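Colleague: With the hints as your guide, set chains B, C and D onto chain A.
Protein chains: 4
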Amino acid sequence: MKWSHFITNPKAKSEINTGFGVSSTDYGGRFLNKNGNPNIKRKGIGYFERMSWYHILLNMSRLEFLLTISLFYLTINLVFTFVYYFMGIAEFGGSKTLSHFEQFAEAFFFSSQSFTVGGYGRVDPGNLWINFICAFEAFLGLLSLAVVTGLLYGRFSRPKAYLRFSKNALLAPFNGGKAIMLRMAPFKNTTLTDAEAKVTLGLVLEENGKLVNKFYQLPLEYSIVNSLTLSWTIVHPIDERSPLYNFTEEDFKNAKGEILVFVKAFDDMFSNTVVTRTSYTFKELVIGAKFDYMYHRSEGDDKTLLHLDKLNSYSQVDLDFSKQTQI
Amino acid sequence: MKWSHFITNPKAKSEINTGFGVSSTDYGGRFLNKNGNPNIKRKGIGYFERMSWYHILLNMSRLEFLLTISLFYLTINLVFTFVYYFMGIAEFGGSKTLSHFEQFAEAFFFSSQSFTVGGYGRVDPGNLWINFICAFEAFLGLLSLAVVTGLLYGRFSRPKAYLRFSKNALLAPFNGGKAIMLRMAPFKNTTLTDAEAKVTLGLVLEENGKLVNKFYQLPLEYSIVNSLTLSWTIVHPIDERSPLYNFTEEDFKNAKGEILVFVKAFDDMFSNTVVTRTSYTFKELVIGAKFDYMYHRSEGDDKTLLHLDKLNSYSQVDLDFSKQTQI
Amino acid sequence: MKWSHFITNPKAKSEINTGFGVSSTDYGGRFLNKNGNPNIKRKGIGYFERMSWYHILLNMSRLEFLLTISLFYLTINLVFTFVYYFMGIAEFGGSKTLSHFEQFAEAFFFSSQSFTVGGYGRVDPGNLWINFICAFEAFLGLLSLAVVTGLLYGRFSRPKAYLRFSKNALLAPFNGGKAIMLRMAPFKNTTLTDAEAKVTLGLVLEENGKLVNKFYQLPLEYSIVNSLTLSWTIVHPIDERSPLYNFTEEDFKNAKGEILVFVKAFDDMFSNTVVTRTSYTFKELVIGAKFDYMYHRSEGDDKTLLHLDKLNSYSQVDLDFSKQTQI
Amino acid sequence: MKWSHFITNPKAKSEINTGFGVSSTDYGGRFLNKNGNPNIKRKGIGYFERMSWYHILLNMSRLEFLLTISLFYLTINLVFTFVYYFMGIAEFGGSKTLSHFEQFAEAFFFSSQSFTVGGYGRVDPGNLWINFICAFEAFLGLLSLAVVTGLLYGRFSRPKAYLRFSKNALLAPFNGGKAIMLRMAPFKNTTLTDAEAKVTLGLVLEENGKLVNKFYQLPLEYSIVNSLTLSWTIVHPIDERSPLYNFTEEDFKNAKGEILVFVKAFDDMFSNTVVTRTSYTFKELVIGAKFDYMYHRSEGDDKTLLHLDKLNSYSQVDLDFSKQTQI
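Protein chains in written order, with my numbering: chain A, 1 to 327; chain B, 1 to 327; chain C, 1 to 327; chain D, 1 to 327.
Rather than coming from a laboratory, the hints here were simulated on the basis of the structure. All values reported here derive from a predicted model rather than from experimental measurement. From the three backbone atoms N, C-alpha and C, an ideal C-beta is built for every residue, glycine too. Keep in mind that a hint or two might mislead.
Stated by the list, open to error - For each label pair, taking beta carbons as the anchor points, the in silico distance ranges come out as:
no.	chain 1	residue 1	chain 2	residue 2	range
1	D	D318	C	Q217	52 to 58 Å
2	D	K283	C	E299	36 to 42 Å
3	D	D292	A	Q326	32 to 38 Å
4	B	W53	A	G29	36 to 42 Å
5	A	T25	D	N175	20 to 26 Å
6	D	I224	A	N189	30 to 36 Å
7	C	L128	B	A90	16 to 22 Å
8	B	S315	A	N175	49 to 55 Å
9	B	N189	D	D292	57 to 63 Å
Chain A with its partners taken away, still in its complex shape (with noise of 0.2 Å):
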């Protein structure tokens, strides 16, 4: 049995509005990746122009953009320290006479001096042209300054959501059939209102002899929440609604298909809609299982407590095939 020849349920609309292509020839592989990126590559035109620097810089990690500017601060400073060592040290109002690594280290001390807009007074600019390059490096120091403090806002206040989904969707049991479920949860001290889900299945089908993707929006138990606060967990049913009605245990293993999945949310500590993604491939599915609880009761006070170590837990449960989902 090839693996694209199982039936669709043809009550199911696909949609071709989702931005991905349709002919799958054409098309990698999984749509998004799973930290929500969609799966391509740019080419045609050149490298900073199709890149955004400042989100380059707003996306790496807390370390990475500290070693950047280190970075940046060192590679800086030692142009400079080279310019100021071959102008030479002695020119310098106040140096004293020194080795040439002690020059080195001089011009070097001066650079970041002169770059810091600090200065202990000890050492000045000897002539004209020291002084004009002291000038513009203080310029340049001062700039830098502004970028950094730029750039460290920007990653501060950029509104992200702090919302991590369930490693697995989970085909469960539900209302005497069957559901495909994932789990969410906000773990960071921000309030989520008015969070909405929008589910797609992406699946590649063979249509005339043709390999094409198709999408179907999956619809779902509930797509929106009042407040996210505690975990939400997203249920498709597979009912008479879904592409999947007439799916066999068998079409779920070998289908290849790619549910994605988009989170828009108003988070109110930012003040600013928030959007993530994520997908799961039918890899990623779990067959027969559903989620263990997350919460409870918080003894000794009367909160109720979150287990955020819990959100990809789950449980084996027996899923007969045979029995529909009663809407």
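Modeller: For chains B, C and D alone, kept in the frame of chain A given last:
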């Protein structure tokens, strides 16, 4: 009589997509704290992973914030003070022979000058290693300046709903029957437009021998105002559409319920949507009262005068539970 | 004839959810000031509690802002100047014997160097306490820099509707009858799209012997434009749907009314929604006039030329109150 | 045959709320420039009043911006240099006997050190007035740093639609008939979701002997895509609903028309709505052509490869004007 033995209006439809748990035994005390934050705790991932330090620094009071950054400044300074002290103050250019305490002080002020990239010129880093540490401290100092600039701007510019709620909700006479009323007023020089209120009732009920949380969207007399300039009294008429239609005075006193209030508006100072929340437990519901007027024509000029101190001011009135609200 | 003895169109439905008061005797003069701010005062909580100093600093003119921060700089400096002066200038390293005035000046400039973390190296803090105060002043200086940076950015980047309204509203001929017209034009190099206008009429009426405020949403010929590039004339046709349908010329002259205008648009320079408001009292309504053209094809190039100085330019025309507007 | 003697489809309803003028003789050339800015000039109020210098500084290229602030730095420095020079360098503490040129240079570098609040300690302000000017220059320097920080952050963080349009629109074969097609593609590492396109046709027509501008909203095959990751071809089918239904090949060549394109999307890097616009005159419409494919499966990995240089790449095809598009 047990507290959960009241009868809710069967015509009022409960809803489960509130984002709060449905099983009352799994859930803690009140759903929202008085300040609008959900009453939950998180566990299972590290403290720093589940906290956004940016938002902690944004939400603390002005005083706490000033103390935090002062403490930060002192701590960094002290760390470098110890480093300089143990490297030996005698190494510094321009330093005099001093007592140990004076040496420590010299190190401290040298450090603070390096950190703030100031420098008065008397003392200067005497050798290579001190120079290196100074360069690092100046780099750190400017980085800290950048961070503090970002945090301060984040604190100023964060859109907040400058809106206060009455401490109590009232069960007040209304159209021949009664209504739940609560009042809010903007208290700063900002302008809120297109304000929308959403009021949800959470009740703990016994269902099939189990305690469950039931949620009801409460219909409001007006849920939108064009412009929130004076006070706004939100009115939920207890008529046929209300889940509380059959409630007796005892039910109001004994039931374990909570009124969740959510307000969204466009603030045209911030040019941003702001949201705010609060909640009233049934213990905070005053039975038989109505709000006093809080604005009147100003004497001497033609302005309207809003008395913000009267926001929670109310007078006791008689309430006839046998009469019903006219729609 | 008393000014409130006109008859409003009974078909026009008044609404109360405007956020303005309904009892005319409790309410002050005009609802909105000409600049769009509500005409109210607040009392009952402290000045600093009911004022957002951030918004005060954002709303003041460029000149006022510069004066404020200059004054701040001077004040802080003077405070520290006095501290240094009374600690004794003689204590400073590098200081010469000076007259009292010169000592004060020395203290002042030393303070300003500490505050701006500059420092020319001649004078240095001579003892422990002076050093301590210097370290504090430098800390304060950098903090002030951070605050001013934030305020300046807040001022630049605050989304504002660069939109001007005609000073007067006109009662103009329209479709055989008449209409209330007012005009607006964007006056800066920004682009407003999806602009939406909402016009509300506030009237003071006598109802059962009491003076009340009645509000009517006025139907507009077009309330939305795709792109606000040229001028936009807002037209409320006085036809059967209008509350002013039965108004005579005397009514327009004598009634105490106010036309509240609210415009919302997306500014794609700021990438943000901007709103603006204004109001016209009936005293600012010109009876029998129409707006002059304010744009034409530019000579010499193929651009359209918009004359912003003609925004309120109108010509008197005859108006026949006996004829009705055709819908 | 005059260019305005074609017949538009009487079923297609024109609309006037586009924000552009209706009288063609009052209006200039194209409505929108290719970069999406309206093709208008403003007059009647002062230059600085009708320009937002913040937006000018935000919209200029990176190079122009750097030049502007360098020029600003130099200008301020030179002004203060002259002041110091004419006050007399001899007054400065630490200054040597110098030639006039050297005195000027000394003044210049002293000024730049004051402005950048650096200072190497050799030279210091010698008297009261120089001190006063130094304090003022340092204040100005920090203020400038604050302004530049704000501008740089404004430039980084300004939400922009990183979206490119094909240079030409095509009149392409479609469903047995023809359609107007244009193509866009995101070209940076940002993600656009919920993209919505609105296409308006502006035509110059003769009506009752007068030239007027008529605007038509063009119905699109798909006007919304969930996620704008690959290229998006916007298709206006020329069927019975189209104002161009009766157009002959000559009409397309001769008519004076302009296709206005407006795209709105949510960019989740900026967490903000971004908009962009462009326009195609009928001169920029290629008759009888279709777009070449611009993406395919990447060799060597499983990504999809998008060729951004092929955005405007098209092939000539035959077009049969006698056949009609099937709906």
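Colleague: Holds or violated: the 57 to 63 Å window for the beta-carbon distance between N189 (chain B) and D292 (chain D)?
Modeller: Once the Cβ atoms are compared, 58 Å apart, the range 57 to 63 Å for D292 (chain D) and N189 (chain B) holds.
Colleague: Given the hint of 20 to 26 Å, check if T25 (chain A) and N175 (chain D) actually sit that far apart at their C-beta atoms.
Modeller: 23 Å, holds
Colleague: Quick check: does the Cβ-Cβ distance between D318 (chain D) and Q217 (chain C) fall within 52 to 58 Å?
Modeller: For Q217 (chain C) against D318 (chain D), whose Cβ atoms are near 56 Å apart, the range 52 to 58 Å holds.
Colleague: Go ahead and decide if the range 36 to 42 Å is satisfied by the Cβ distance of K283 (chain D) to E299 (chain C).
Modeller: 23 Å, violated
Colleague: When you take the CB atoms of D292 (chain D) and Q326 (chain A), is the distance between them in 32 to 38 Å?
Modeller: 50 Å, violated
Colleague: Given the range 49 to 55 Å, decide if the beta-carbon distance of S315 (chain B) to N175 (chain A) lies inside it.
Modeller: 52 Å, holds
Colleague: Take the C-beta atom of I224 (chain D) and the C-beta atom of N189 (chain A), compute their distance, and say whether it sits inside 30 to 36 Å.
Modeller: Holds: the Cβ-Cβ distance is about 35 Å, inside 30 to 36 Å.
Colleague: Has the hinted range 16 to 22 Å been met by the Cβ atoms of L128 (chain C) and A90 (chain B)?
Modeller: 19 Å, holds
Colleague: CB of W53 (chain B) to CB of G29 (chain A), is that within 36 to 42 Å?
Modeller: The hint (36 to 42 Å, Cβ to Cβ) holds, given that W53 (chain B) and G29 (chain A) are roughly 37 Å apart.
Hint compliance for this structure: hints 2, 3 are not met, and every other hint is.
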